[in-house]
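**Student:** Those sequence lines, one after another, are chains W and X. The numbering of the first sequence is this note's numbering, which starts it at 1 and goes up by one. The numbering of the second sequence is this note's numbering, which starts it at 1 and goes up by one.
If you are wondering where the hints come from, they were derived from the structure by calculation, not from laboratory data. Be careful, since some hints might not be right.
To be verified - Derived Cβ-Cβ restraints for the label pairs, each shown as a range:
hint: 1; chain 1: X; residue 1: Asp17; chain 2: W; residue 2: Glu52; range: 32 to 40 Å
hint: 2; chain 1: W; residue 1: Asn77; chain 2: X; residue 2: Gly83; range: 30 to 38 Å
hint: 3; chain 1: X; residue 1: Ser12; chain 2: W; residue 2: Lys13; range: 32 to 40 Å
hint: 4; chain 1: X; residue 1: Gln14; chain 2: W; residue 2: Gly3; range: 29 to 37 Å
hint: 5; chain 1: W; residue 1: Gly84; chain 2: X; residue 2: Gly59; range: 19 to 27 Å
hint: 6; chain 1: X; residue 1: Val70; chain 2: W; residue 2: Arg30; range: 35 to 43 Å
hint: 7; chain 1: W; residue 1: Pro61; chain 2: X; residue 2: Ser12; range: 36 to 44 Å
hint: 8; chain 1: X; residue 1: Arg108; chain 2: W; residue 2: Asn59; range: 24 to 32 Å
hint: 9; chain 1: W; residue 1: Thr7; chain 2: X; residue 2: Asn18; range: 16 to 24 Å
hint: 10; chain 1: W; residue 1: Thr7; chain 2: X; residue 2: Lys68; range: 34 to 42 Å
hint: 11; chain 1: X; residue 1: Lys42; chain 2: W; residue 2: Gln54; range: 41 to 49 Å
hint: 12; chain 1: X; residue 1: Thr10; chain 2: W; residue 2: Gly84; range: 36 to 44 Å
hint: 13; chain 1: X; residue 1: Asn18; chain 2: W; residue 2: Glu104; range: 34 to 42 Å
Note that beta-carbon positions come from the ideal geometry of N, C-alpha and C, so glycine has one too.
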Amino acid sequence: KAGVTQTPRYLIKTRGQQVTLSCSPISGHRSVSWYQQTPGQGLQFLFEYFSETQRNKGNFPGRFSGRQFSNSRSEMNVSTLELGDSALYLCASSLELAGGRGYEQYFGPGTRLTVT
Amino acid sequence: GESVGLHLPTLSVQEGDNSIINCAYSNSASDYFIWYKQESGKGPQFIIDIRSNMDKRQGQRVTVLLNKTVKHLSLQIAATQPGDSAVYFCAERRKAAGNKLTFGGGTRVLVKP
Numbered sequence: 001k002a003g004v005t006q007t008p009r010y011l012i013k014t015r016g017q018q019v020t021l022s023c024s025p026i027s028g029h030r031s032v033s034w035y036q037q038t039p040g041q042g043l044q045f046l047f048e049y050f051s052e053t054q055r056n057k058g059n060f061p062g063r064f065s066g067r068q069f070s071n072s073r074s075e076m077n078v079s080t081l082e083l084g085d086s087a088l089y090l091c092a093s094s095l096e097l098a099g100g101r102g103y104e105q106y107f108g109p110g111t112r113l114t115v116t
Numbered sequence: 001g002e003s004v005g006l007h008l009p010t011l012s013v014q015e016g017d018n019s020i021i022n023c024a025y026s027n028s029a030s031d032y033f034i035w036y037k038q039e040s041g042k043g044p045q046f047i048i049d050i051r052s053n054m055d056k057r058q059g060q061r062v063t064v065l066l067n068k069t070v071k072h073l074s075l076q077i078a079a080t081q082p083g084d085s086a087v088y089f090c091a092e093r094r095k096a097a098g099n100k101l102t103f104g105g106g107t108r109v110l111v112k113p
């Protein structure tokens with residue numbers, strides 16, 4: 001089956017602008033999580049959406065927001081971009097396995113955002 | 001606070017040898033520990049996971065060991081191949097926190113031919 005897809009793959013924006021990134025999870029996965037990856041801070045959790053509701057949130061300012069649609073596709077938005085927002089933004093889709101067998105979580109290729 | 005970290009930032013290994021990547025964690029409430037591999041230009045790729053009530057799990061050429069007494073996690077790669085060159089991350093998950101993963105800083109593995 002198809003993996004996690006993210007669009008666009010690359011993006012260049014100017015300070016002060018806003019940006020919207022999109023993620024389509026694996027078919028059947030209802031949970032979508034977003035992460036920011038930078039050389040200095042590593043992989044940091046932004047938020048998780050499950051059944052169109054934000055279930056968990058990391059320690060990022062309110063400029064970072066997201067949403068999930070009824071088909072489980074998710075978008076994240078960053079308003080008033082700062083230079084420090086330059087990063088690889090990763091989306092992961094998750095499925096809880098039945099019978100307590102754990103879960104599976106798969107990442108997309110990411111969107112490389114550059115803020116100038 | 002909770003944290004997941006790695007001891008070695010870079011590991012050079014001869015092709016065919018075994019690799020061991022280590023990780024320390026501080027949150028004793030973690031339910032799952034997961035290892036990811038990330039190649040340049042790609043997202044993290046799931047390798048193997050282990051539940052907190054286990055101490056060892058094996059996959060294809062990989063073994064994860066969990067020592068809860070000292071809060072230590074390791075990934076062993078048997079017969080390391082050039083395709084194993086990548087950055088490896090350990091991550092922890094607590095069911096109470098949904099699917100949030102807390103990642104370590106990563107270890108780069110370089111396989112020498």
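**Student:** Does each hint hold? Answer for all of them.
**Tutor:** Do the hints match the structure? See the list:
1. X/Asp17 - W/Glu52: 32 to 40 Å: 48 Å, violated
2. W/Asn77 - X/Gly83: 30 to 38 Å: This hint holds: roughly 37 Å between Cβ atoms.
3. X/Ser12 - W/Lys13: 32 to 40 Å: 38 Å, holds
4. X/Gln14 - W/Gly3: 29 to 37 Å: Holds: the Cβ-Cβ distance is about 32 Å, inside 29 to 37 Å.
5. W/Gly84 - X/Gly59: 19 to 27 Å: For glycine 84 of chain W and glycine 59 of chain X the Cβ distance comes to about 37 Å; the hint is violated.
6. X/Val70 - W/Arg30: 35 to 43 Å: 36 Å, holds
7. W/Pro61 - X/Ser12: 36 to 44 Å: 39 Å, holds
8. X/Arg108 - W/Asn59: 24 to 32 Å: 26 Å, holds
9. W/Thr7 - X/Asn18: 16 to 24 Å: 40 Å, violated
10. W/Thr7 - X/Lys68: 34 to 42 Å: This hint holds: roughly 41 Å between Cβ atoms.
11. X/Lys42 - W/Gln54: 41 to 49 Å: Since the Cβ atoms of lysine 42 of chain X and glutamine 54 of chain W sit about 27 Å apart, the hinted range of 41 to 49 Å is violated.
12. X/Thr10 - W/Gly84: 36 to 44 Å: 26 Å, violated
13. X/Asn18 - W/Glu104: 34 to 42 Å: 27 Å, violated
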